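Residue numbers (the working numbering), protein chains in the order written: chain A, 4 to 259; chain B, 313 to 714.
For the record, the hints were derived by calculation from the structure and aren't laboratory data. Any given hint might turn out to be false.
Stated by the list, open to error - Which residues of chain B face chain A? A few of them, derived with a C-beta cut under 7 Å, are: (1) S475; (2) I488; (3) P495; (4) A701.
What the hints assert, rightly or not - List of simulated lysine-lysine pairs, DSSO-like, C-alpha gap at most 30 Å: (5) K575/B x K531/B; (6) K575/B x K382/B; (7) K194/A x K16/A; (8) K450/B x K66/A; (9) K450/B x K464/B; (10) K249/A x K218/A; (11) K364/B x K527/B; (12) K382/B x K413/B; (13) K86/A x K145/A; (14) K219/A x K86/A; (15) K343/B x K179/A; (16) K418/B x K343/B; (17) K136/A x K347/B; (18) K218/A x K179/A; (19) K14/A x K115/A; (20) K66/A x K112/A; (21) K30/A x K249/A; (22) K531/B x K179/A; (23) K382/B x K675/B; (24) K364/B x K179/A; (25) K136/A x K314/B; (26) K531/B x K418/B; (27) K194/A x K464/B; (28) K136/A x K348/B; (29) K675/B x K136/A; (30) K413/B x K343/B; (31) K575/B x K356/B.
Since the model is a prediction, treat every value here as computed from it, not as a measurement. For each residue, glycine too, the CB sits at the ideal point set by N, CA and C.
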Amino acid sequence: MNRLESLFSNKYKEILNVYFTAGHPTKDATQDIIYALEQNGVDLIEVGIPYSDPMADGETIQKSSAIALSNGMNLSLLFQQVKDSRRRSNVPIVLMGYYNQMLQFGIEKFLKQCQLSGVDGLIIPDLPMSIYKNEYIDLFDKYDVKISFLITPETSDERIRLADELSNGFIYVVSKSSITGTSSNIDDAQKHYFERIEKMKLNTPRLIGFGIHDKKTYQTACNHSQGAIIGSAFIRTLNGSSDISKTISEFINRIR
Amino acid sequence: MKYQVDELGFYGDFGGAFIPEMLHSNIETLKSEYKKIIAEASFKEEFNSLLKDYVGRPSPLYFAKRLSEKYNTKIYLKREDLNHTGAHKINNTIGQILLAKRLGKKRIIAETGAGQHGVATATVCALMGLECIVYMGKVDIGRQAPNVARMKMLGAEVRPALSGSQTLKDATNEAIRDWINNPSNTHYIIGSVVGPHPYPDMVARFQSVISEEMKWQLKEHEGRENPNYIVACVGGGSNAAGAFYHYLDDLDVKIVAVEAAGKGVNSGESAATSVLGTIGIIHGSKTLLMQTEDGQIIEPYSISAGLDYPGIGPQHAHLISSGRAIVYHASDEEALAAALELSRIEGIIPALETAHAFAALNKMHLKKEDITIMCLSGRGDKDLSTFTAYLDKNPGQHKSDH
Ligand SMILES: Cc1ncc(COP(=O)(O)O)c(C=O)c1O
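Let the sequences and hints guide you as you build the complete structure.
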């Protein structure tokens, strides 16, 4: 069974998803980071495929991507690393990357590699739902790769329903209209937006991300959804780290 | 073959809107509104009167007698350099600012390479009293200083783009990120026929006034609307799109796109997208772009900040792939020599971008009876420091050889 499916059928709240960029801070850190996150109870790991032009990302993820690329990180290597990590690890893993990277790799080859290496799902922020629906839905099913679409405060109810229908991992609830990497508190407008989504009684579990950076924002997000995604805040702590597993356990202890 | 955009926003295999959900609502609004708004009588009236009295249109179609003699053919220059602010870019910014006002937007952002689009945006924002922020690569801020000063004089804020190669691509990334952060009050005025649908079509429509005028102007000069060739430089491709627009279905008119070869198409330092590019996604559009096998976008190079872009508008990708457009390449050196030639022969100093188009004249084997229209997209005041350095390196060129 797909690990995302088993996660969401067994756990309904306080799901913690942590994002990091593959190849950052070092090319070979991927497996160590996956193990340490899993050991510290992280429920789900989102691995970013470093990209030269990450349109929806703020400075932190841009910089981690640039470092990863200059470290020589690439997709084939990432698949190998995920595959190797599967010897010791069973945490659900989703890859997050931009559509162009998958197009160049070849969509079917990409999905096949996901299945072979043990990737459970994908987040592709610039893949339009319409194109997924018309061209790729069967291929994703064939290789048992789940997909999560994003919704934002600007997304119409109709499109939220469509994201609910098409997403089969989780729905990625973008906490506010922004790129990644902000770190302010969650304000009332955001809470109203979370409540509006809660009332829609969607079928797909929701994880709230963007700007989740500490215990308080994590808790608020969890109060309104099945869980939360932490990205830039985690990358910032990795930046200065000399002992990755210690840094990770301290970081997770600060969050929950 | 159909050369204009289809219902889904594609030109053949190219185009579309590959954008994150954060931009969806703005792009959707543009998509559903732009044709309606552009067709409104009040919009047309305001647009046309500003083009006439503020921009100074129609821009002349000038018979370049001495240049024609030199190449033993007939060459006309479409004088977009005489527009207010000195380039074709203002045709688009006038259109988009009127659209932005009708959409109720209060804040305008733009990207710029050469600074011409930034100046044209700052200008229309001053005209309409709207806040203006222009993203510009740090490298381009250095090499196009006069335009940076103009933008500031006009009240715009120029924000340096510090990522990547710090040029046009990176400025565009920053502008897109700004729009994600400010979706409700902001309109993004893209400066070329690039980006997600409907931008390429919308910008081409605003620039299409160039070829609309060319048709009746050439008829006045020559008794015929259609030249044998139309030549334009292509960065993203907006002056080219405007110059080609009303001729695309006239197959007797050969259309010629000139790309920047930088230090040579295969030198590793080039912006010759149609040769070096493969199909992929850049700035929300499926088009030809320079990228690695892994789909990482390659930093381009050209001496010209306005052509230093790793992609090409999706319509041009379609025109080139389908064989409708012919492509030539001009290196830095060839463009500089062409700029000098036009200055000395016709008394017109072209923008460095534009000079690339003129460098194609050497390569085209024009016949005596051929009529060619060159899109003279902009003037070269902004490039004087580059030209001066060129003259200093080539002392023989200091005096005219005529
Ligand atoms: C004078 C001039 N011509 C051409 C260009 C290239 O843009 P496009 O290909 O969109 O016409 C620029 C861009 O800055 C420009 O300033």
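Pair hint K575/B and K356/B, alpha-carbon separation not exceeding 30 Å
violated, 43 Å
For the pair supplied as a hint, K30/A and K249/A, is the alpha-carbon distance within the 30 Å limit?
holds, 19 Å
Distance restraint between K418/B and K343/B, which requires alpha-carbon spacing of 30 Å or less:
holds, 19 Å
Does K115/A sit within 30 Å of K14/A, going by the straight-line distance between their CA atoms?
holds, 28 Å
Between K66/A and K112/A, is the straight-line Cα distance small enough, at 30 Å or below?
OK: K66/A and K112/A at ~28 Å, within 30 Å.
Within 30 Å, alpha carbon to alpha carbon, are K194/A and K464/B?
violated, 39 Å
Does the structure keep K219/A and K86/A at a Cα separation of 30 Å or less?
violated, 35 Å
Pair hint outcome, K194/A versus K16/A [Cα-Cα no greater than 30 Å]
holds, 17 Å
Can the restraint linking K382/B and K413/B be considered satisfied, given a maximum Cα separation of 30 Å?
violated, 48 Å
For a C-alpha distance cap of 30 Å, please report whether K675/B and K136/A respect it.
It is violated: about 47 Å lies between the C-alpha atoms, which goes past 30 Å.
Agreement of K382/B and K675/B with the hint, judged by alpha carbon distance not exceeding 30 Å:
Cα-Cα ~14 Å, so holds.
Is it true that the CA of K136/A sits at most 30 Å from the CA of K348/B?
Within the cut-off at roughly 29 Å; holds.
Consistency note: the structure conflicts with the earlier hints numbered 4, 5, 12, 14, 22, 24, 26, 27, 29, 31.
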